[in-house]
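J.: Chains as they are written, first to last, in our numbering: chain L, 2 to 114; chain W, 7 to 155; chain R, 16 to 509.
Calculated directly from the structure, the hints in this document are not laboratory data. Wrong hints could be hidden among the right ones.
[Unchecked claim] Taking lysine to aspartate or glutamate pairs in the DMTMM-like style, the calculated list, with each CA pair at most 20 Å apart, reads:
#: 1; chain 1: L; residue 1: LYS100; chain 2: R; residue 2: GLU111
#: 2; chain 1: L; residue 1: LYS113; chain 2: R; residue 2: GLU111
#: 3; chain 1: R; residue 1: LYS114; chain 2: R; residue 2: GLU361
#: 4; chain 1: R; residue 1: LYS114; chain 2: R; residue 2: GLU165
#: 5; chain 1: R; residue 1: LYS437; chain 2: R; residue 2: GLU490
#: 6; chain 1: R; residue 1: LYS501; chain 2: R; residue 2: GLU458
#: 7; chain 1: L; residue 1: LYS113; chain 2: R; residue 2: ASP39
#: 8; chain 1: L; residue 1: LYS110; chain 2: R; residue 2: ASP308
#: 9; chain 1: R; residue 1: LYS378; chain 2: R; residue 2: GLU490
#: 10; chain 1: R; residue 1: LYS119; chain 2: R; residue 2: ASP44
#: 11; chain 1: R; residue 1: LYS115; chain 2: R; residue 2: ASP377
#: 12; chain 1: L; residue 1: LYS100; chain 2: L; residue 2: GLU111
#: 13; chain 1: L; residue 1: LYS108; chain 2: R; residue 2: GLU111
#: 14; chain 1: L; residue 1: LYS35; chain 2: L; residue 2: ASP105
#: 15; chain 1: L; residue 1: LYS24; chain 2: L; residue 2: ASP105
#: 16; chain 1: R; residue 1: LYS121; chain 2: R; residue 2: GLU111
#: 17; chain 1: L; residue 1: LYS110; chain 2: L; residue 2: ASP53
#: 18; chain 1: L; residue 1: LYS110; chain 2: R; residue 2: GLU458
#: 19; chain 1: L; residue 1: LYS113; chain 2: R; residue 2: GLU458
#: 20; chain 1: R; residue 1: LYS114; chain 2: R; residue 2: GLU458
#: 21; chain 1: L; residue 1: LYS113; chain 2: L; residue 2: GLU25
[Unchecked claim] Distance ranges between label pairs, derived from CB positions:
#: 22; chain 1: W; residue 1: GLU62; chain 2: R; residue 2: GLY76; range: 26 to 36 Å
#: 23; chain 1: L; residue 1: ALA56; chain 2: R; residue 2: GLY416; range: 33 to 43 Å
#: 24; chain 1: R; residue 1: GLU165; chain 2: W; residue 2: SER71; range: 22 to 32 Å
#: 25; chain 1: R; residue 1: ASN66; chain 2: L; residue 2: ALA78; range: 32 to 42 Å
This one's a predicted model, so the numbers in the text were calculated from it and none came from an experiment. Where a beta carbon is used, it is the ideal one built from N, C-alpha and C, also for glycine.
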Amino acid sequence: MSILIYLFSILLFLIGLYCIVSKENLLKIVIGIKIMGYGVSLFFILLGWRRDSSAPIIIKDMAQNFVDPLPQALIPAIMVISLAATILMLATCVRLYEKYGTFDISKIKELKG
Amino acid sequence: MDKTIRILTSYVIGLILIFGFYVVIYGHILPGEGFDGGMLIASAFILCMIVYGRDEAKKRVNISSALVVSAIAGLLLIVVGFLGLIGIRDGHQFFLDNFLPQGDPHYLFSGGIVPVLNVLLGVLVGFGFYALFGYLVVWRGERGTDAEP
Amino acid sequence: MLILLFPLLPIISALCLIILERFDEDSGDYLSSATAFVLFAMAVTIIFTLNGGVVVYHLGGWGSPLGVDLVLDGFSALFLVVINLVGFVSMLYSIEYMKKFTAKAKFYILHLFLIAGLNGIVLSGDIFNFYVFMEIVAFASYALIAFGVEQLDLEASIRYQVLGTVGSFFVLLGIGILYSVTGTLDLADMSRFISQTGINRAILFAVPLLLFGFALKAALVPFHAWLPDAHPTAPTPVSAMLSGVVIKVCSIYGIVRIFFGVTGVSPTLLQILLYAGLISIFFGAFSALRQTDFKRLLAYSSISQIGYIMLGIGTGTPLGYAGAMFHILNHATFKSLFFIVAGAVEHSTGERNITKLGGLSDKMPVTFLSSLSASFSLGGVPPFGGFFSKLLIILGLFKAGYLTVGLLVVLSAVFTLAYFLKIQRNVFLRLPTSHFPLPTIKEVPVLMRVSMLILAIICLGLGLAFPWILKAIVEPAVAVLTNGCKYGSLILGL
């Protein structure tokens, strides 16, 4: 049972990757990148799970087992990085729409790659 | 925007701002720290800009001065780090040293310089993301379309 | 304590510049060049005083597995010299070059963040810090590529952004799996843990994920699609930084630290790097022969030279490692110099198509001499530096037993010679075509000439001073590679 939930977070990552690879609209590619970011964050949070433990907040005079707080502390950094990547991409998309008139990546092909 | 949304937002926006400050200030006792609280403060400003329009939000918080405030908060963060380097606490001379008095745990005034760093980080992240969003929104396109909802 | 300033000083300058640009429009020039010069001077001082030792700085005074460390050893010192040298020269060059653009102060802010992020990558002792600095470098380069906001710049930038973000997420997934196996984020602690408990199957799953992410950043051959678009359309100082430094720091430093230092490298991994490098060399050289755009030719040449470095790392012998390390230093100098020469030609003539240029050798003498220096180092002509690094890589290949691969690499030197002779003939040496306004062309301004001369002299100096550089810079770097998994026990005591 416990491996299944990690596989679901990797499935979310793969859905985001499929969305980037197969969609033609640039905004859908941005949404795919966001979904990949959420998949990786979910995977990170699930890494810290311990059996029969509670949330890692120390309230006075209650000693318990806690889940690992370190991945939970990395998540705001990952979220901010994903957010900044999305902001940059959307800013570029807005200006691309003004120059090319379309969001379709099969028509934005001035450079020969 | 709609009249209903404007009225409802006017009730809620102050609460979001206060909750953001609460998360930042109590960051060393309760979950959430500078980053999370800063995002809440930024979302309060961004909500004001989305619902009431660009000019109302500019009257409250100017976008270019938000960027300068964010840069000043970043410089103060580095200055606090260097204060630890000088050696206010004897024997410990490191960058980002914990030189304020560390009181009893679970109280507000405890934990050394950690609350100070939380507040500075919250200001940096909050005003910085608001300035980023402001520059994204106020750009005027070539075809005369104003990029505002 | 001085190594703390390497990531911090450019960030302080960039934040001061955000405040200062309200008052004075031109204040960015001297502040950023002074910062870059101070960093370069500190990097050279570190080469003279380090002598193979390791410096560890604990931030905040916390002990080694608990807190964040900054670690400087011989491999990091090599990269520090490369980053700060190219950063300083490109800052000097951009004082004159950016007069064409309107938002000059924002260019300096982004460039300073790029240098800060690169310094932070090579000094971090923590795997998550490495990832955060890698993202800072990525964002600064996305914004810098799209700086002159034309059609082509935005298209090149969006291609780089999508591919670069996918690569970063794969690296992050690999980092997550490594954390779940070892329970710590510190590189030295991870290395000690893995060398004590042996290879786990989860680590074998994480290695291809990390390799895919790093290969996307390095533009190894199946994943190279963003590079020939992104490097030519960026402004010239940014092309020099990207092609000379960023594609090497983000990927090769990561491969050496994480694969050689932490997870342990198996012969299969070395063979993958070797063959991927071989394919990159030939693909880059063949594609470069067909190009007519000056900077696009140089971008394909970058793909080819990164193939040489991967080949050198893939041999598995200390000779091959030494060749790859020295080629990192050489490629940074001659490729940045070549991009700066291309930018100078474009600045004076307004033309980037080499079939339309010609006869510039007596009109622009400093540019011509610098391009000769870069071409000889690229082609591997003694006594310039490129000859020694290619010789070491080929000797390493023969010693490891890859005879056919070694002969193919010797053959590829002929192709390299072909495309740089093509540049020299078309741009500088032949008689110009009829509709080319030759009499109105003059030499580029003084600061651009100074930056070209600095790099040209260093290209020659790297070859002439080769025994000293081998002992002082390259051998401590090779020691990191051959020590391998003993990295952890070396660092943890300090």
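J.: Confirm or reject each hint.
T.: Quick rundown of the hints versus the structure:
{"no.": "1", "hint": "LYS100(L) x GLU111(R)", "result": "violated (28 Å)"}
{"no.": "2", "hint": "LYS113(L) x GLU111(R)", "result": "violated (30 Å)"}
{"no.": "3", "hint": "LYS114(R) x GLU361(R)", "result": "holds (14 Å)"}
{"no.": "4", "hint": "LYS114(R) x GLU165(R)", "result": "holds (17 Å)"}
{"no.": "5", "hint": "LYS437(R) x GLU490(R)", "result": "violated (35 Å)"}
{"no.": "6", "hint": "LYS501(R) x GLU458(R)", "result": "violated (53 Å)"}
{"no.": "7", "hint": "LYS113(L) x ASP39(R)", "result": "violated (41 Å)"}
{"no.": "8", "hint": "LYS110(L) x ASP308(R)", "result": "holds (17 Å)"}
{"no.": "9", "hint": "LYS378(R) x GLU490(R)", "result": "violated (42 Å)"}
{"no.": "10", "hint": "LYS119(R) x ASP44(R)", "result": "holds (9 Å)"}
{"no.": "11", "hint": "LYS115(R) x ASP377(R)", "result": "violated (26 Å)"}
{"no.": "12", "hint": "LYS100(L) x GLU111(L)", "result": "holds (12 Å)"}
{"no.": "13", "hint": "LYS108(L) x GLU111(R)", "result": "violated (36 Å)"}
{"no.": "14", "hint": "LYS35(L) x ASP105(L)", "result": "holds (19 Å)"}
{"no.": "15", "hint": "LYS24(L) x ASP105(L)", "result": "holds (9 Å)"}
{"no.": "16", "hint": "LYS121(R) x GLU111(R)", "result": "holds (15 Å)"}
{"no.": "17", "hint": "LYS110(L) x ASP53(L)", "result": "violated (55 Å)"}
{"no.": "18", "hint": "LYS110(L) x GLU458(R)", "result": "violated (35 Å)"}
{"no.": "19", "hint": "LYS113(L) x GLU458(R)", "result": "violated (32 Å)"}
{"no.": "20", "hint": "LYS114(R) x GLU458(R)", "result": "holds (17 Å)"}
{"no.": "21", "hint": "LYS113(L) x GLU25(L)", "result": "holds (18 Å)"}
{"no.": "22", "hint": "GLU62(W) x GLY76(R): 26 to 36 Å", "result": "violated (47 Å)"}
{"no.": "23", "hint": "ALA56(L) x GLY416(R): 33 to 43 Å", "result": "violated (57 Å)"}
{"no.": "24", "hint": "GLU165(R) x SER71(W): 22 to 32 Å", "result": "holds (30 Å)"}
{"no.": "25", "hint": "ASN66(R) x ALA78(L): 32 to 42 Å", "result": "holds (36 Å)"}
Hints 1, 2, 5, 6, 7, 9, 11, 13, 17, 18, 19, 22 and 23, counting from the list given before, are not met by this structure.
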